[in-house]
Amino acid sequence: MIDTPLRAAVIPVTPLQQNCTLIWCTATKKAAVVDPGGDLPRILAAIEKAGVTVEKILLTHGHIDHAGEAGPLAEQLGVPIEGPHEDDRFWLARLDEDGRQWGIRGVVVEPDRWLVDGDTVTIGDLTLDVYHTPGHTAGHVIFHHAPSRFAQVGDVLFQGSVGRTDMPQGNHPQLIESIVTKLWPLGDDTAFIPGHGQPSTFAHERAHNMFVSDRALSA
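The sequence shown begins at 134 in the numbering used here and counts up one residue at a time.
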């Protein structure tokens, strides 16, 4: 859980154990579901448990484990989808194909709003900044709430690792550039939820991450 005014609960979904996240404004109890890749009954149960009202779905990128069931959930809840950047149209247009490949339900979807660097998204009274962070995918974005020193970073950065870049449109140098130029300036005290694995802080990753620690990057 993240302290007020923003709270977040992680809901692992799909066989790939992707961190779908429920983020809400504690003042209004309005919420967003970030990256609903699958297991909708589990996501709906988490929404009910938190006692919040979902007003939108946010997507960091278009991979199947993050976006596979965004369309059905949006339709069921009657809410819009915001994100990712339009450069991930390639992935969202092939969710059905990728779903068959991975054994995960995938429904082709187009968001109600594509996001670009410098945009903001709102959740109740909260305003989150959007940063375009290509490398893992061309249209990947992250969401940052400065007052809470919190970021949702999808598959850009993990505890101890970084996003894979061996899939179509992946670019490792671009990914490293996104981390260094977009994530690190948000502050070492920023806590983040990644797309897989445990939460961490930028300070911890700058000290210990074998790919992007200050020591690794200066070698």
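Read the hints as simulated data drawn from the structure, not as lab findings. Cβ atoms here follow ideal geometry from the backbone N, Cα and C, with glycine treated the same way. Worth double-checking, as some hints may not be accurate.
[Unchecked claim] Computed Cβ-Cβ distance ranges for the label pairs, DEER-style: (1) D299 to P148: 31 to 37 Å; (2) T159 to D322: 19 to 25 Å; (3) E230 to S346: 24 to 30 Å; (4) T159 to V241: 18 to 24 Å; (5) E219 to V313: 19 to 25 Å; (6) P280 to T186: 34 to 40 Å; (7) A352 to T186: 29 to 35 Å; (8) G236 to P138: 36 to 42 Å; (9) V249 to D299: 24 to 30 Å; (10) N304 to T159: 35 to 41 Å; (11) P145 to A279: 24 to 30 Å; (12) T186 to A340: 27 to 33 Å; (13) D321 to G184: 20 to 26 Å; (14) A279 to T161: 17 to 23 Å.
Against the structure, the hints:
1. Checked against the hint of 31 to 37 Å, the C-beta distance between D299 and P148 comes to roughly 20 Å, which is inconsistent with it.
2. Take T159 and D322: their Cβ atoms lie about 20 Å apart, and the range 19 to 25 Å holds.
3. For E230 and S346, the Cβ-Cβ distance of about 37 Å falls outside the hinted range of 24 to 30 Å, so the restraint is violated.
4. Distance hint check for T159 and V241: the Cβ-Cβ separation is about 35 Å, which falls outside the suggested range of 18 to 24 Å.
5. Range check, E219 to V313: Cβ separation about 24 Å, and the 19 to 25 Å hint holds.
6. Distance hint check: the CB atoms of P280 and T186 are about 21 Å apart, inconsistent with the given range 34 to 40 Å.
7. Evaluation of the 29 to 35 Å hint for A352 and T186 yields a failure: the beta carbon distance comes to about 49 Å.
8. Evaluation of the 36 to 42 Å hint for G236 and P138 yields a pass: the beta carbon distance comes to about 39 Å.
9. Under the hint 24 to 30 Å, the C-beta atoms of V249 and D299, about 26 Å apart, fit the expected range.
10. Between N304 and T159 the Cβ separation comes to about 38 Å, which falls inside the hinted range of 35 to 41 Å.
11. Take P145 and A279: their Cβ atoms lie about 27 Å apart, and the range 24 to 30 Å holds.
12. Checked against the hint of 27 to 33 Å, the C-beta distance between T186 and A340 comes to roughly 39 Å, which is inconsistent with it.
13. Separation of D321 from G184 is about 33 Å and departs from the stated range, judged on CB atoms against 20 to 26 Å.
14. In this structure the hint that A279 and T161 lie 17 to 23 Å apart at CB holds, the actual value being about 19 Å.
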